[in-house]
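Okay, here's what each chain looks like letter by letter:
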Amino acid sequence: MLIDQRFYDLKGPQSLRTLLRTCGFESELAADIEISGVAASDSAGPGDLCFVEGAASQAEKVNSEAGACFVTDKAQSGLPDGVMAIVVSHPRYAHKLVSEALFSLKDWMAPGPDPAIHETARVAPGAFIGAGAAIGADAQIAPGAVIGPGVQIGARTKIGANVSIRCALIGNDVVVHSGASIGEAGFGVTLGPDGAEDVPQWGRVIIQDHVTIGANSCIDRGAFSDTIIGERTKIDNLVQIAHNVVIGRNVMMASFTGISGTSEVGDGVVMGGRVGIADHVTIGAGAQLAASAGIFRDIPAGETWGGVPAKPLRQYLREIAWIQKQTAPKKKPK
Amino acid sequence: MLIDQRFYDLKGPQSLRTLLRTCGFESELAADIEISGVAASDSAGPGDLCFVEGAASQAEKVNSEAGACFVTDKAQSGLPDGVMAIVVSHPRYAHKLVSEALFSLKDWMAPGPDPAIHETARVAPGAFIGAGAAIGADAQIAPGAVIGPGVQIGARTKIGANVSIRCALIGNDVVVHSGASIGEAGFGVTLGPDGAEDVPQWGRVIIQDHVTIGANSCIDRGAFSDTIIGERTKIDNLVQIAHNVVIGRNVMMASFTGISGTSEVGDGVVMGGRVGIADHVTIGAGAQLAASAGIFRDIPAGETWGGVPAKPLRQYLREIAWIQKQTAPKKKPK
Amino acid sequence: MLIDQRFYDLKGPQSLRTLLRTCGFESELAADIEISGVAASDSAGPGDLCFVEGAASQAEKVNSEAGACFVTDKAQSGLPDGVMAIVVSHPRYAHKLVSEALFSLKDWMAPGPDPAIHETARVAPGAFIGAGAAIGADAQIAPGAVIGPGVQIGARTKIGANVSIRCALIGNDVVVHSGASIGEAGFGVTLGPDGAEDVPQWGRVIIQDHVTIGANSCIDRGAFSDTIIGERTKIDNLVQIAHNVVIGRNVMMASFTGISGTSEVGDGVVMGGRVGIADHVTIGAGAQLAASAGIFRDIPAGETWGGVPAKPLRQYLREIAWIQKQTAPKKKPK
Numbered sequence: 001m002l003i004d005q006r007f008y009d010l011k012g013p014q015s016l017r018t019l020l021r022t023c024g025f026e027s028e029l030a031a032d033i034e035i036s037g038v039a040a041s042d043s044a045g046p047g048d049l050c051f052v053e054g055a056a057s058q059a060e061k062v063n064s065e066a067g068a069c070f071v072t073d074k075a076q077s078g079l080p081d082g083v084m085a086i087v088v089s090h091p092r093y094a095h096k097l098v099s100e101a102l103f104s105l106k107d108w109m110a111p112g113p114d115p116a117i118h119e120t121a122r123v124a125p126g127a128f129i130g131a132g133a134a135i136g137a138d139a140q141i142a143p144g145a146v147i148g149p150g151v152q153i154g155a156r157t158k159i160g161a162n163v164s165i166r167c168a169l170i171g172n173d174v175v176v177h178s179g180a181s182i183g184e185a186g187f188g189v190t191l192g193p194d195g196a197e198d199v200p201q202w203g204r205v206i207i208q209d210h211v212t213i214g215a216n217s218c219i220d221r222g223a224f225s226d227t228i229i230g231e232r233t234k235i236d237n238l239v240q241i242a243h244n245v246v247i248g249r250n251v252m253m254a255s256f257t258g259i260s261g262t263s264e265v266g267d268g269v270v271m272g273g274r275v276g277i278a279d280h281v282t283i284g285a286g287a288q289l290a291a292s293a294g295i296f297r298d299i300p301a302g303e304t305w306g307g308v309p310a311k312p313l314r315q316y317l318r319e320i321a322w323i324q325k326q327t328a329p330k331k332k333p334k
Numbered sequence: 001m002l003i004d005q006r007f008y009d010l011k012g013p014q015s016l017r018t019l020l021r022t023c024g025f026e027s028e029l030a031a032d033i034e035i036s037g038v039a040a041s042d043s044a045g046p047g048d049l050c051f052v053e054g055a056a057s058q059a060e061k062v063n064s065e066a067g068a069c070f071v072t073d074k075a076q077s078g079l080p081d082g083v084m085a086i087v088v089s090h091p092r093y094a095h096k097l098v099s100e101a102l103f104s105l106k107d108w109m110a111p112g113p114d115p116a117i118h119e120t121a122r123v124a125p126g127a128f129i130g131a132g133a134a135i136g137a138d139a140q141i142a143p144g145a146v147i148g149p150g151v152q153i154g155a156r157t158k159i160g161a162n163v164s165i166r167c168a169l170i171g172n173d174v175v176v177h178s179g180a181s182i183g184e185a186g187f188g189v190t191l192g193p194d195g196a197e198d199v200p201q202w203g204r205v206i207i208q209d210h211v212t213i214g215a216n217s218c219i220d221r222g223a224f225s226d227t228i229i230g231e232r233t234k235i236d237n238l239v240q241i242a243h244n245v246v247i248g249r250n251v252m253m254a255s256f257t258g259i260s261g262t263s264e265v266g267d268g269v270v271m272g273g274r275v276g277i278a279d280h281v282t283i284g285a286g287a288q289l290a291a292s293a294g295i296f297r298d299i300p301a302g303e304t305w306g307g308v309p310a311k312p313l314r315q316y317l318r319e320i321a322w323i324q325k326q327t328a329p330k331k332k333p334k
Numbered sequence: 001m002l003i004d005q006r007f008y009d010l011k012g013p014q015s016l017r018t019l020l021r022t023c024g025f026e027s028e029l030a031a032d033i034e035i036s037g038v039a040a041s042d043s044a045g046p047g048d049l050c051f052v053e054g055a056a057s058q059a060e061k062v063n064s065e066a067g068a069c070f071v072t073d074k075a076q077s078g079l080p081d082g083v084m085a086i087v088v089s090h091p092r093y094a095h096k097l098v099s100e101a102l103f104s105l106k107d108w109m110a111p112g113p114d115p116a117i118h119e120t121a122r123v124a125p126g127a128f129i130g131a132g133a134a135i136g137a138d139a140q141i142a143p144g145a146v147i148g149p150g151v152q153i154g155a156r157t158k159i160g161a162n163v164s165i166r167c168a169l170i171g172n173d174v175v176v177h178s179g180a181s182i183g184e185a186g187f188g189v190t191l192g193p194d195g196a197e198d199v200p201q202w203g204r205v206i207i208q209d210h211v212t213i214g215a216n217s218c219i220d221r222g223a224f225s226d227t228i229i230g231e232r233t234k235i236d237n238l239v240q241i242a243h244n245v246v247i248g249r250n251v252m253m254a255s256f257t258g259i260s261g262t263s264e265v266g267d268g269v270v271m272g273g274r275v276g277i278a279d280h281v282t283i284g285a286g287a288q289l290a291a292s293a294g295i296f297r298d299i300p301a302g303e304t305w306g307g308v309p310a311k312p313l314r315q316y317l318r319e320i321a322w323i324q325k326q327t328a329p330k331k332k333p334k
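Residue numbers (the working numbering), protein chains in the order written: chain A, 1 to 334; chain B, 1 to 334; chain C, 1 to 334.
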């Protein structure tokens, strides 16, 4: 995985032995290799360290190009030939520690070159622009907005009051209403020896041209990839978009809609208020999701679904009508 | 429609021909008229331009006083006599363009007279007060609060940390907790030739005396009218109130409640957490809406409803009990 | 009840007669006593004033140590011997008035000693640190963050952009993502002679070590006690935690989860997105609550529940399957 050095500092590549020692592991390695990055197990390359949390059958799916992989003892046998196994009790936690030894998130006040603010851009007094950020022509940054280091903001884009943005590339003609939080760490938790631990998030947020983001909405940055909002997608207030989510063009998302990690939403999808979408789900292009729907599976393109758990709207309405009929008070015979 | 020049700049009146040319329309007009404003089709007056998105039957409902109206070719025949028809492919989009040629939202940093801050008001260092705003006696503006140009804030009102307020008139003894966003553009989207387009919002937010607004809640300004929160209404955290909503007095709204555009809520209504109300719905005075209710229709005054879609609470509970009974595991006969 | 003078100013103790006169009550007291505090009726001590809203049967539950108690005329007879009764039409409203005569919340800009900022802590330009606050070693306070008077922030804790925190004690290694609001007044409303009135909140928020709080989430301070978030609990974006809630260790709360006042959540509980929990409910340790669940009753430890209103997940799934089967379109016989 390539890491964007506008947002993260690199402390690598390092030898695997050094990394493991730094992180407190006493692993006996048959050989040593250079590690330059971390990645998800299906996309890890030669210099990448990945992890497998499950059993041997999961380990079989690790990309055979991967440099090394944290596994539990029982899963070790499944790893493809050539992938160096590092046996640990908590593979995802070990991966977290190593990734934090290789990379670090630039904090809001990280030093760096002065931001490049176009001469026609207007930055309010009281707004904060981090080192290395770029603000495009005729862009507006409202009072109280906080733009992290390295963030790119396109032409004519308007950033509202008290918005915060980090680890993000924002296109042209985007509108971000007040109070939105863009680019914070997604919600990932793993178990370490002391209890719950945050999983670090090394990706970005990409917001394409003409997107509008409502007040107090949140868009998390990706974990190993990017969270992407496609052109002209329109997002209402108090919407949550988790890490790695990829949203197409011209999507409408009403208030309180939430999309869980790594789900994909096709072009032109319309969501009523309070729609919830589980993680790793795909919503086909042009689908319509009724207000309050809870989506736990893929939705075919062009269909209309509703209910919790969601089903085709026609079926949902039929169920509602049937229950109502079954439970209606009986009329007394005259 | 009268536009509040504390919040919007006027660039009109203009001749209809000039407006259309500015917006790139090549419409052949039989005559020309002065256009001073835009309005919804049922309330448009002589100098107003309105639009009809539907068929001829919709066009028939346009106020016969309206100056001119964007319509599609097929709907044109329905317009009342005397309303000048301007035939376009995307009436609502055309209306958007023309309104933006007539008006513009004052941005956060718009120039103007110094704000009028009462000598007993306390404004924190790091708060921003826009041009032409007024802050009443004994009011408090917390650090990080951003008050837009022209906003009026009453006596003894407390504005919390990192709150943003624009296009709004706030009464006396109001409390706005931290992080709330008041007066941003409501969620309105229409289709233009390039895809989804934001519909501009030209109204205000009116918050009456003794209202309390919870942390991180959002109240959007009206589109062609005002969003109004009645006296002593109490709003919890993370609540969403959309454009044009009118809420009565002494209404209670618990966390995650959302009210969609143009709905009305009568005096004394009580809403549990996570209540969702669809657009263009009326909730009668004193109604009670159970937590998690999804309201898609008018609710009579004084009634208690629950469920999704909501029904009278008694019926809802009967349905729940019936389903549970039908599906209970059969006890084995001994 | 002990009040934390880092967050509240005391104006007492005062004689009960003086207090009542200050608040506009014309109550004829047989005797006078010193009042130093207010409390909930079950924990009020000798110098405390409490209230009972219900009938005589409620008044019987008042702690017999309590100094005095506001009651309605009809409930008066239930009070234990030795508790001085003060008969009023709106007991909770009277209690509010008296508490506000005894205490006052320090506002964001309250004067006091300079904050104690550890020499290794980094406070961004544009952040606000109130009087008497303390910032620990290696802590980071991002731009736009607002830290109220007296707030304590532990070592290595990171406070995000535009976060606000008041009336709170924050541990070590805590992460608060951008836009979160911590320590605002909980949602409590009572009826006074003029309509709805906010009930004042005199408690704190306690956040233990290694807790993570998502962007734009809200945690309200307690009313008469503290809102507590246990060690290593991980909270996603746009989550609401109401006053007096007590959450254990290693709890996971996904986006849009809301916990109503005075509920308790045991160690290791896992909540999917959009879980709602009613007030005064207890969730046993290790319970799992499915996404979108609405919890209106206590949940036993270790169980998995789902649905609205929630039931054991197995039963919920059985009901869903049964309804679907009953309403499936009949296949035509060939």
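Treat each hint with caution, since some may be false.
Which copy is meant is left open, because identical chains are indistinguishable; a pair holds if it fits in one copy or across any two.
Said to hold, decoys possible - Using 27 Å as the maximum straight-line C-alpha spacing, the simulated DSS-like pairs for lysine-lysine come out as follows:
#1 Lys74 to Lys330
#2 Lys74 to Lys311
#3 Lys61 to Lys311
#4 Lys11 to Lys331
#5 Lys61 to Lys331
#6 Lys330 to Lys61
#7 Lys330 to Lys311
#8 Lys311 to Lys325
#9 Lys311 to Lys331
#10 Lys74 to Lys331
Hints in this document: simulated from the structure, not taken from any laboratory.
_Treating 27 Å as the Cα threshold, decide for Lys74 and Lys331: within, between, both or neither._
neither (65 Å within a copy, 43 Å between copies)
*Between the shortest in-copy and the shortest cross-copy C-alpha distance, which are at most 27 Å for Lys61 and Lys331: within, between, both, or neither?*
neither (62 Å within a copy, 42 Å between copies)
*Is the C-alpha distance from Lys74 to Lys311 at most 27 Å within one copy, between copies, in both cases, or in neither?*
Answer is neither: 39 Å inside a copy and 36 Å across each miss the 27 Å cutoff.
*From the Cα coordinates, with 27 Å as the cut-off, is the pair Lys61 and Lys311 best called within, between, both, or neither?*
Answer is neither: 32 Å inside a copy and 37 Å across each miss the 27 Å cutoff.
*From the Cα coordinates, with 27 Å as the cut-off, is the pair Lys330 and Lys311 best called within, between, both, or neither?*
Between copies, since 18 Å is at most 27 Å while 30 Å is not.
*Between Lys330 and Lys61, at a C-alpha cutoff of 27 Å, which is it: within one copy, between copies, both, or neither?*
neither (59 Å within a copy, 43 Å between copies)
*Taking 27 Å as the upper bound on the Cα-Cα distance, should Lys11 and Lys331 be classified as within, between, both, or neither?*
neither (77 Å within a copy, 65 Å between copies)
*Evaluate Lys311 and Lys325 at a C-alpha cut-off of 27 Å and name the case that applies: within, between, both or neither.*
Classified as both; 20 Å inside a copy, 13 Å across copies.
*Should Lys311 paired with Lys331 be assigned to within, between, both, or neither, using CA atoms and 27 Å as the limit?*
between (32 Å within a copy, 19 Å between copies)
_I want to check one pair: Lys74 and Lys330. Are their C-alpha atoms no more than 27 Å apart within a copy, between two copies, both, or neither?_
Neither. Shortest intra-copy (62 Å) and inter-copy (42 Å) distances fail the 27 Å Cα cut-off.
Violated hints for the displayed structure, listed by number in ascending order: 1, 2, 3, 4, 5, 6, 10.
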